[in-house]
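**Student:** Could you build all of it, start to finish, from the sequences and the hints given here?
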Amino acid sequence: MVYPWMSEDYPTLSLVKDLADLLAKKADWGPIYDIETLKNTAVSCAALVSYEDIYVERQYSEKTAALLGDNCKIWVTNEYQHSGLRDDGYNVLDKLLAMAGNKEIVPS
26 MVYPWMSEDY
36 PTLSLVKDLA
46 DLLAKKADWG
56 PIYDIETLKN
66 TAVSCAALVS
76 YEDIYVERQY
86 SEKTAALLGD
96 NCKIWVTNEY
106 QHSGLRDDGY
116 NVLDKLLAMA
126 GNKEIVPS
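Mapping to my numbering: the sequence shown position 76 is 101, numbers consecutive.
Hints were generated in silico from the structure; no laboratory data involved.
It is possible that part of the hints are untrue.
Claimed, not checked - Cβ pair distances, simulated, as ranges:
no. : residue 1 : residue 2 : range
1   : Tyr115    : Asp53     : 14 to 22 Å
2   : Gly55     : Ala123    : 18 to 26 Å
3   : Leu110    : Asp34     : 20 to 28 Å
4   : Lys64     : Tyr115    : 30 to 38 Å
5   : Val81     : Gly126    : 20 to 28 Å
6   : Leu122    : Glu87     : 41 to 49 Å
7   : Thr37     : Glu129    : 34 to 42 Å
8   : Asn65     : Pro36     : 42 to 50 Å
9   : Leu47     : Thr102    : 15 to 23 Å
10  : Asp43     : Tyr115    : 37 to 45 Å
11  : Glu104    : Tyr58     : 42 to 50 Å
Stated by the list, open to error - Listed next, the in silico BS3-like pairs over lysine-lysine satisfying Cα-Cα at most 27 Å (straight line):
no. : residue 1 : residue 2
12  : Lys88     : Lys64
13  : Lys50     : Lys88
14  : Lys128    : Lys88
15  : Lys88     : Lys51
None of these values were measured; they are calculated from a predicted model.
Ideal placement from N, C-alpha and C gives every residue a C-beta, glycine not left out.
**Tutor:** In structure tokens:
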């Protein structure tokens, strides 16, 4: 997602300001995923959701996870940011796999 103010705040986007502005104004994006497929999946999954992720609004992550119903466990935390897998991959992935396998309960 690109917001109109980003071409002013991010120096690299200032080089392509016109393009950034066009992307910010675009309102007819197609669907990113098939909602019915998400609702009907039997696959168990887990996700780390940061309260203050600098790239993804927490509410968007929670709304997407809710589409999967009980099949998706979420770990809402400020312990990690968007780079959680890069920063502490073993511990993050270990916890997410345990959550997906119903071996660990994380109240979120």
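**Student:** Okay, which hints does this one fail, numbers in order?
**Tutor:** Violated hints (numbers, rising): 1, 2, 6, 9 and 11; every other hint is consistent with the structure.
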